[in-house]
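Undergrad: Listed here are the chains, written in short residue letters.
2 protein chains.
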Amino acid sequence: MKKVNIAEKLKLFEEHWSPKIIGQLNGQEVKIAKVKGEFIWHDHADEDEMFLIIKGTLKLEFRDHTVTLEEGEMLIIPRGVEHKPIAMEEVHLLLFEPISTKHTGNIEHKLTKKYHDHI
Amino acid sequence: MKKVNIAEKLKLFEEHWSPKIIGQLNGQEVKIAKVKGEFIWHDHADEDEMFLIIKGTLKLEFRDHTVTLEEGEMLIIPRGVEHKPIAMEEVHLLLFEPISTKHTGNIEHKLTKKYHDHI
Chain L
1 MKKVNIAEKL KLFEEHWSPK IIGQLNGQEV KIAKVKGEFI WHDHADEDEM
51 FLIIKGTLKL EFRDHTVTLE EGEMLIIPRG VEHKPIAMEE VHLLLFEPIS
101 TKHTGNIEHK LTKKYHDHI
Chain Z
120 MKKVNIAEKL KLFEEHWSPK IIGQLNGQEV KIAKVKGEFI WHDHADEDEM
170 FLIIKGTLKL EFRDHTVTLE EGEMLIIPRG VEHKPIAMEE VHLLLFEPIS
220 TKHTGNIEHK LTKKYHDHI
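Chains as they are written, first to last, in my numbering: chain L, 1 to 119; chain Z, 120 to 238.
Just chain L, with the same shape it has in the complex (with noise of 0.2 angstroms):
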């Protein structure tokens, strides 16, 4: 059991959009990501995911409407709805999933990391 200081583990790393996984309870993942630019469309068929942001603006596209984020708003996206990440600036967020939850849903995209990193 050890704590963690989440601005500490966001200076362990630059790379945009490669989740980094910093806690595991109850079959969750509580996940760090930089992001900026545009992510692309994606759902998770199976997986709710929660977007916490910490430092920035993300916009996060539906198919109908936008939502947008600042800093200390929270989002849960439900499992099965089609959504966009949009970052004009860098974003730093804390995000909840299942350990099931694969970075683009069913999608294989240049973008998609197969595989979590520890941190």
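These are computed hints drawn from the structure, not numbers from a lab. It cannot be assumed that every hint is accurate.
[As the list claims (entries may be wrong)] Sample of chain Z residues facing chain L (criterion: CB under 7 angstroms; computed from the structure):
(1) I125
(2) A126
(3) L144
(4) G156
(5) E192
(6) M193
Quantities reported herein were computed from a predicted structural model and do not represent experimental measurements. Cβ atoms here follow ideal geometry from the backbone N, Cα and C, with glycine treated the same way.
Once you've looked at the hints, dock chain Z against the given chain L.
TA: Leaving out everything else, chain Z in the frame of chain L:
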């Protein structure tokens, strides 16, 4: 699907040791709480529990050591591990735990909240 501003939610209540639910996903709940003073020794037999500090300093006593969490720090307490939270000054925190989690585990105490409120 509605975004949640955590600071705004924290303005909606004052009571201590009474977690409020701000999100649900994958059988888990996201809660916020304000705490001050000493809580009671308890554990959760079947649930791991995560504390993330939003404001203040939280001491978590375990039977053989103590962990002090500052703002931006988190700790996952594995199921079955007895703990006692202590906040010398008011602490704001975010909790992540299964829906089944009871406030004080199997202990009944005047501080025990039977039902967590959505906010």
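Undergrad: If a hint holds in the structure, say so; if it doesn't, say that too.
TA: Comparing the hints with the structure gives:
1. I125: 5 angstroms, holds
2. A126: A126 (chain Z) check passes; min Cβ-Cβ to chain L is 5 angstroms, inside 7 angstroms.
3. L144: 4 angstroms, holds
4. G156: Status violated, d = 21 angstroms.
5. E192: 5 angstroms, holds
6. M193: 5 angstroms, holds
When each numbered hint is compared with the structure, a violation occurs for hint 4 only.
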